[in-house]
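Chemist: These are the residues of each chain, in order.
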Amino acid sequence: MTEAPNQHPGSDGNGERYEHLTPLFHELAALSPDDPEHAKLRETLVTRHLPVAKHIARRFGNRGESQEDLTQVATLGLIKAVDRFDPTHGADFLSFAVPTIMGEVRRHFRDTGWAVRVPRRLQEMHLAISSATSELSQSLGRAPTPRELAERLEVPLEQVFEGLAASNAYRSASLDEMLLDDETVSLGDSIGREEPELEIVEYRETLQPLLAQLPERDRQILLLRFFGNLTQTQIAKRIGVSQMHVSRLLSRTLARLREAAE
Amino acid sequence: MSAQSPTQQNGSAALAPHSVEVRVAALPHQLPVLRGIAGDIAMREDFDLDSIEDLRLAVDEVCSTLIRLAMPDATLVCRYDVAESALRVVASVVSASSTGPRTDTFGWRVLTTLTSSIDSTVETRDDGLSVVQVELVKQRGTAVAE
Numbered sequence: 001m002t003e004a005p006n007q008h009p010g011s012d013g014n015g016e017r018y019e020h021l022t023p024l025f026h027e028l029a030a031l032s033p034d035d036p037e038h039a040k041l042r043e044t045l046v047t048r049h050l051p052v053a054k055h056i057a058r059r060f061g062n063r064g065e066s067q068e069d070l071t072q073v074a075t076l077g078l079i080k081a082v083d084r085f086d087p088t089h090g091a092d093f094l095s096f097a098v099p100t101i102m103g104e105v106r107r108h109f110r111d112t113g114w115a116v117r118v119p120r121r122l123q124e125m126h127l128a129i130s131s132a133t134s135e136l137s138q139s140l141g142r143a144p145t146p147r148e149l150a151e152r153l154e155v156p157l158e159q160v161f162e163g164l165a166a167s168n169a170y171r172s173a174s175l176d177e178m179l180l181d182d183e184t185v186s187l188g189d190s191i192g193r194e195e196p197e198l199e200i201v202e203y204r205e206t207l208q209p210l211l212a213q214l215p216e217r218d219r220q221i222l223l224l225r226f227f228g229n230l231t232q233t234q235i236a237k238r239i240g241v242s243q244m245h246v247s248r249l250l251s252r253t254l255a256r257l258r259e260a261a262e
Numbered sequence: 263m264s265a266q267s268p269t270q271q272n273g274s275a276a277l278a279p280h281s282v283e284v285r286v287a288a289l290p291h292q293l294p295v296l297r298g299i300a301g302d303i304a305m306r307e308d309f310d311l312d313s314i315e316d317l318r319l320a321v322d323e324v325c326s327t328l329i330r331l332a333m334p335d336a337t338l339v340c341r342y343d344v345a346e347s348a349l350r351v352v353a354s355v356v357s358a359s360s361t362g363p364r365t366d367t368f369g370w371r372v373l374t375t376l377t378s379s380i381d382s383t384v385e386t387r388d389d390g391l392s393v394v395q396v397e398l399v400k401q402r403g404t405a406v407a408e
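In the order they appear, the protein sequences are chains W and X. The first sequence begins at 1 in the numbering used here and counts up by one. The second sequence begins at 263 in the numbering used here and counts up by one.
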């Protein structure tokens with residue numbers, strides 16, 4: 001890559017490469033979406049702007065996502081940009097498309113959780129461990145050990161260790177992200193009402209207001225673990241997420257409660 | 263795997279072949295290191311994944327409790343002992359408090375759920391300060407509740 005990393009893809013001397021496409025956006029806007037010509041023109045615009053998407057995808061490279069995946073995500077962003085761009089507003093397409101595409105790629109990183117640089121190989125091991133863990137938990141009736149995972153996956157134990165360590169990197173990275181998210185997802189109905197004997201804790205007066213502030217799902221997981229005495233694996237099965245996710249949510253909730261109790 | 267008194271641990275004592283002892287400033291930013299070691303040892307000892315996570319959470323909880331009790335500039339000493347059927351973590355800190363961690367809190371309940379056994383001791387030193395020590399044991403395969 002010869003361009004400076006922070007250069008705007010449209011201002012690197014190739015901007016004029018796309019200028020001649022501007023009239024096509026006016027044509028596109030004039031066509032009905034049902035018109036076969038509309039689909040054709042849309043495809044042309046996406047194809048001709050593909051270098052922009054690829055350029056952005058390259059800039060997000062080497063962060064643990066494959067270049068193919070990134071290009072695909074960036075292309076998705078480009079398609080969105082083509083669909084949403086309004087040529088009558090006077091702005092040029094690139095100044096609209098670049099933030100849209102970058103937003104799509106950023107969202108991808110946020111959703112997949114790998115905010116830190118983790119080699120592809122380890123991410124794949126993390127995924128393999130994650131699915132083997134669900135399968136083995138099912139058949140064993142408890143969480144598997146690293147040795148059992150290594151046997152199932154037919155890899156050396158040391159590779160499982162590496163994969164588990166990578167899972168922790170995944171976790172800590174996405175933990176910070178999640179603290180910013182205001183999750184309003186309510187899984188209360190699928191979990192069922194459980195208000196186990198809170199009176200056991202003498203200081204429920206201080207605990208209860210804290211619990212009330214937690215998002216419904218976090219609170220339920222906490223109660224199931226510490227009052228229902230279910231294991232993380234059992235909770236995971238119950239609410240339909242992975243054990244790793246339960247673990248992530250639990251440690252976040254405990255940290256939150258500690259901070260609030262200070 | 264014999265227990266040491268809090269003052270012994272906070273001084274220097276011989277380590278068993280499979281023990282690990284770390285000394286860090288009693289500050290919250292050291293928590294990831296301390297739980298990381300717990301998780302790594304449990305993983306290499308082939309604890310099941312639930313137990314590994316329980317241990318990480320427990321060490322986090324214990325050490326943050328001790329950090330709150332610690333004197334300014336205190337050192338947190340954390341020892342990890344491996345036995346055939348269990349992993350024991352002993353953490354201690356020098357504190358101005360002579361009462362140790364409260365056991366009527368939600369945090370302590372969390373700890374009793376996550377571990378096979380948990381106990382705290384306080385030993386007063388000659389200088390009037392105390393060494394607060396928490397010892398937790400996690401038996402192999404105890405993450406299965408029912």
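To be clear, the hints were calculated from the coordinates, so they are not data collected in a lab. Just so you know, these numbers come straight off a predicted model, no measurement behind them. Don't take every hint at face value.
[Claimed, not checked] Which bits of chain W does chain X cover? Going by a derived footprint, with three or more residues having C-beta under 8 angstroms, they are: (1) 160-168; (2) 231-243; (3) 248-255.
Yeah, the Cβ is synthetic: ideal placement off N, Cα and C, and Gly gets one too.
Chemist: If a hint holds in the structure, say so; if it does not, say that too.
Modeler: Taking the hints in turn, this is what the structure says about them:
1. Only residues whose beta carbon comes within less than 8 angstroms of a beta carbon in chain X count, and the stretch 160-168 of chain W has 4; three or more means the coverage holds.
2. Check result for the stretch 231-243 of chain W against chain X: holds, 5 residues qualifying (beta carbon to beta carbon below 8 angstroms, three or more required).
3. With 4 residues carrying a beta carbon less than 8 angstroms from a beta carbon of chain X, the stretch 248-255 of chain W meets the three-residue requirement, and the given coverage holds.
The structure fails none of the hints (numbered hints given earlier).
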